[in-house]
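Novice: Sequence:
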Amino acid sequence: MVMGRIVRNQRYSLEEYLVALMLAAGACLFFLSSQTPSKYSLVERTTHFSGLVLMAGYLIFDAFTPNWQKSLFDTRPKISRYQMMMGVNVFSAILCFASLVEQGTFMPSLKFMFSHESFSRDVFLLSFCSAVGQLFIYVTIEKFGPEVFAVIMTLRQIFSIVLSSIYFSHPITFMGILGLMIVFTAIFVNSYRRYFDDKSNRPYVKQTQQQHGNEFKRNLA
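Residue numbers (my numbering): 1 to 221.
By construction, these hints were calculated from the structure, which means they are not laboratory data. Please note: incorrect hints may appear among the correct ones.
Here are the in silico distance ranges between beta carbons for each label pair [unchecked claim]:
(1) GLN134 / PHE174: 18 to 26 angstroms
(2) VAL148 / LYS78: 16 to 24 angstroms
(3) LYS78 / PHE119: 36 to 44 angstroms
Quick caveat, the model's predicted, so the values are computed rather than measured. Glycine is no exception: its CB is placed at the ideal position from the N, C-alpha and C atoms.
Between the sequences and the hints, there should be enough to build the whole structure, so can you do that?
Specialist: As structure tokens, then:
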């Protein structure tokens, strides 16, 4: 939401900020509760500062990207979701190619791919599923905005951890359950608020449609 305010100058109400804070707090509680105790010493932990910097950069650009894409969808001339998908994947391929060339692993990767047929099949299936998933991502951003997309991605990660805990018989702590309750409460409050906002706006929309219909009939007469 902060990035939406910066990139798209989108205004949010106080209730929306409170719901976002509840969602973030609940997700943090759940994710932190699923972490195992670290075995690193204090000296070794200080070497992970670069990892924290990379994680912060990932979060910033992860919030920036869908908001920037939404602003591109709203501009004129309007671009399609397929053009957006093409542009993103072309730059991803260029960056991946440059990384492979810089590390000297481009030709060994090609040799490995051509010498293992099962690997090529798995890469094709993975790429196909990724392409289908990207279509859903861009449709969500275009139709519903980056805020809804962020909520969906957060829920996906939570459900993945819950299913993994159930499948591998890993216990979910009290803090994890509390985090889940906060997350779903925030989603319920947001849905409840939007439902009544839409319900209160229906008479105005209906009156506006009737006025335009009457004006159209007068013009025909």
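Novice: Each hint should be assessed against the structure and marked as holding or not.
Specialist: Structure-based check of each hint:
no. : hint                                : verdict
1   : GLN134 / PHE174: 18 to 26 angstroms : 38 angstroms, violated
2   : VAL148 / LYS78: 16 to 24 angstroms  : 20 angstroms, holds
3   : LYS78 / PHE119: 36 to 44 angstroms  : 40 angstroms, holds
In summary, the structure is inconsistent with hint 1 from the numbered list given earlier, while agreeing with all the others.
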